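Residues per chain are reported as follows:
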Amino acid sequence: VTRATPLGQILGVAQLPMRTRQPRFTYADLLGRVAHEALADAQLEAKDIDGLMIALSPTTLLGIDEPYYWGLAGLPGADRFIGRVQVAAASGIPSLRLACAYIAARRAKRILIVSADLADESPSLGGAIGQLQDPFTDRQFPRNAIVAAAVQMSGYMAAHGLDERDMAHVIVKNRANGAANIYAQLRQAVTLDEVLASPPMAWPIKRLDSSPRTSGAAAIVVGPPDQETHRRPVCATGFGSFVSGRNIGARMVPGDSSYFDGSDLAVAGRKAYAMANVTDPATQIDLAEVYASFGVIELISIEALGLAGGSNAARRLGEGAFMRDAALPVNPSGGATCGNPISSAGLIRIIEAVHQLRGDGGERQVKRPVDRAVVSAIGGTFQSHEVTVLQA
Amino acid sequence: MTKTVEITGAAACTSRLFDNPLEFVVHDIVVDALTAANTSLGAIDMVVTAASDIMDGVMVATRSEIAGACGRGFMNVPSSAGHALAAAIALIESGQAETILLVGWGEGSKLRQHDYRGILANPFYDRPVGGDPAAMARLQAQRLKADGHLTEADMEQYLNVMAQRTQHQAPGESDPLAWLAPQWCDGAAALVLRAGALPESRGVFISDFGVAFRSYCPSGDDLDPALWVRDAFEHRRDRQALPGQAPVLIEASAPAAFCEARAVRGFLSGQKWHVAEAQINRSGGGAAAHFGPATGLHGLARASGFLADFEAGDDPHCGLVIDLAGPIGQSVTVAMLESRGGPS
Numbered sequence: 045v046t047r048a049t050p051l052g053q054i055l056g057v058a059q060l061p062m063r064t065r066q067p068r069f070t071y072a073d074l075l076g077r078v079a080h081e082a083l084a085d086a087q088l089e090a091k092d093i094d095g096l097m098i099a100l101s102p103t104t105l106l107g108i109d110e111p112y113y114w115g116l117a118g119l120p121g122a123d124r125f126i127g128r129v130q131v132a133a134a135s136g137i138p139s140l141r142l143a144c145a146y147i148a149a150r151r152a153k154r155i156l157i158v159s160a161d162l163a164d165e166s167p168s169l170g171g172a173i174g175q176l177q178d179p180f181t182d183r184q185f186p187r188n189a190i191v192a193a194a195v196q197m198s199g200y201m202a203a204h205g206l207d208e209r210d211m212a213h214v215i216v217k218n219r220a221n222g223a224a225n226i227y228a229q230l231r232q233a234v235t236l237d238e239v240l241a242s243p244p245m246a247w248p249i250k251r252l253d254s255s256p257r258t259s260g261a262a263a264i265v266v267g268p269p270d271q272e273t274h275r276r277p278v279c280a281t282g283f284g285s286f287v288s289g290r291n292i293g294a295r296m297v298p299g300d301s302s303y304f305d306g307s308d309l310a311v312a313g314r315k316a317y318a319m320a321n322v323t324d325p326a327t328q329i330d331l332a333e334v335y336a337s338f339g340v341i342e343l344i345s346i347e348a349l350g351l352a353g354g355s356n357a358a359r360r361l362g363e364g365a366f367m368r369d370a371a372l373p374v375n376p377s378g379g380a381t382c383g384n385p386i387s388s389a390g391l392i393r394i395i396e397a398v399h400q401l402r403g404d405g406g407e408r409q410v411k412r413p414v415d416r417a418v419v420s421a422i423g424g425t426f427q428s429h430e431v432t433v434l435q436a
Numbered sequence: 111m112t113k114t115v116e117i118t119g120a121a122a123c124t125s126r127l128f129d130n131p132l133e134f135v136v137h138d139i140v141v142d143a144l145t146a147a148n149t150s151l152g153a154i155d156m157v158v159t160a161a162s163d164i165m166d167g168v169m170v171a172t173r174s175e176i177a178g179a180c181g182r183g184f185m186n187v188p189s190s191a192g193h194a195l196a197a198a199i200a201l202i203e204s205g206q207a208e209t210i211l212l213v214g215w216g217e218g219s220k221l222r223q224h225d226y227r228g229i230l231a232n233p234f235y236d237r238p239v240g241g242d243p244a245a246m247a248r249l250q251a252q253r254l255k256a257d258g259h260l261t262e263a264d265m266e267q268y269l270n271v272m273a274q275r276t277q278h279q280a281p282g283e284s285d286p287l288a289w290l291a292p293q294w295c296d297g298a299a300a301l302v303l304r305a306g307a308l309p310e311s312r313g314v315f316i317s318d319f320g321v322a323f324r325s326y327c328p329s330g331d332d333l334d335p336a337l338w339v340r341d342a343f344e345h346r347r348d349r350q351a352l353p354g355q356a357p358v359l360i361e362a363s364a365p366a367a368f369c370e371a372r373a374v375r376g377f378l379s380g381q382k383w384h385v386a387e388a389q390i391n392r393s394g395g396g397a398a399a400h401f402g403p404a405t406g407l408h409g410l411a412r413a414s415g416f417l418a419d420f421e422a423g424d425d426p427h428c429g430l431v432i433d434l435a436g437p438i439g440q441s442v443t444v445a446m447l448e449s450r451g452g453p454s
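Chains A and B are the protein sequences, given in the same order.
Plus 44 on top of the position in the first sequence (first one is 1) and you've got the numbering used here.
Plus 110 on top of the position in the second sequence (first one is 1) and you've got the numbering used here.
Hints were generated in silico from the structure; no laboratory data involved.
Okay, derived cross-link-like pairs now, PhoX-like style, lysine-lysine, Cα gap no bigger than 25 Å in a straight line:
#	chain 1	residue 1	chain 2	residue 2
1	A	91	A	153
2	B	113	A	153
3	A	315	B	113
Every value quoted in this text rests on a predicted model; they were computed, and no experiment measured them.
Please model the complete structure; the sequences and the hints are all you need to start from.
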């Protein structure tokens, strides 16, 4: 691979253990804790930060309201708050992209990105997510994130001749990986039979196919690519963004297969790969962290990002591909199905990839060397797609 | 080597109440901006929006569609017009995008009957004692008045002048304290930004910007928006390079008339420039026609239009856009615009 131009260096990372509830912390507590842990990880002081950003998905999901006017007080860089980035669960990746842009444009030297969710305090997560749907074409029948994923999963199964057992492998893989992740909310491995026997939510989605409701927080510090660090440096080398935008009902038309084959995510992936000089991701990418709130989304993402080499991801997974000890591990952290604080979801995928690239992933560190990783995230119900390539 | 950013097209509108559904209004504004830029949506790399959760009640995916982002890169920076503008500039300067469509809107008319911005207040310290944005604005005004920075009569007159410029209905005698609160309306704005070539083009450029921020309850004496504007201005990237001449115009936006007036007047009092009163908020400013965090984009769009039409021969001339967003205007962006000698 021709070495790509580094766009920004991730100097420090931090996340809190994901939990259903975080009763000991207020929202501001969560932000403060991860902010200072990320600075400590970067071996920097508060005075070194000259830009602050918050990755924040729709606030109705979080049990808090527009917190940047009160939740950021006292954080490093608070007097240089440069904005909230809100692309739903994908917010972490465009935040990193914007931080890299600020630094490349010499408008900041080091930017702190924070995020947090207190999802357990939200009065109606389902009702809030329901806003994603078009009131005319979608909300007329019980539409929510689970039903949307069920449509996607049944379509994917039909298109590839797969059954529910084939689809359960990805959950078994993730839960086994999550058992080794000290930050994961769900740390119990499960079997295929347990996935298949879990209570149905909307066929073919069962409870264990779905991510849990999670509170958590994450932060990263971004700096110039050439800054000296005390450990293996990790830089972002490519970004890709692509919006389908249309609501699901409006996409069920001839010629638009993106909801089932991930072709929109593939466009974002190609943009990121082009910037990072990646021409054959299946062989040039060493590891992937993809945001997938349901198992089927991970499978579609693997294919869309070109990591399955044109093969079906579910079948490859059944053969042992994408496991932690495989040639190209996917979600060795356990992914969002082991913990899904929505605002922090994108940042957490980045953080997990950074640990693997640095080689300090602890019990969840993959055995093979990792020099290049791809990270993806999706905002809305497969509507906004964000991809970044990280390189050590 | 960073690139310069040119505004190639802009369009904006405000109304006491949109006659048409929001998505149609935004669509028309986007089309107008693209037409003014002599380009099409197909030439846009990325759409950046400033669309607030509390203003439009729609989710980000719907926002991206409203703004024309389908099939393109997208970034939503809803915290303020200035933040969205700064994001677009940084993306272009860093080479991550060549052409950006910057879009913002808000249905502020909904807040005229019930101002629900209380959710912006700190839930631990402020909300329990009624410290909502309206109360904070009164506290801020009281402090500025005590410090001799404003009088009630002056602020009432300021708002009436601005309301006439917006061509919206002036609050008049029915609400003598209207200068303390946003004059809510519906609004939308769109701008086409592209990587520019300063020596060749004669268009309007964004030559620099700076940001400053204060938390919801600024401590000590720091309630004066003029200080925040100075802080933002001093934190421009190229702050050593002062404008070659006085700005010929200023467009400012704040959530209340007193905040806007004080921010501009107090800032100017510390500069050596003189800007004619008539050239300050020719559009009427953002307090007299306020539609939420995206309001500043309306001022930016109008400022770029004024600058492009300015009669100044071949001499470069510059303008300032000052955006104060947030409950008491504490999220500040100052952008410097430069025009290279009239319409290209």
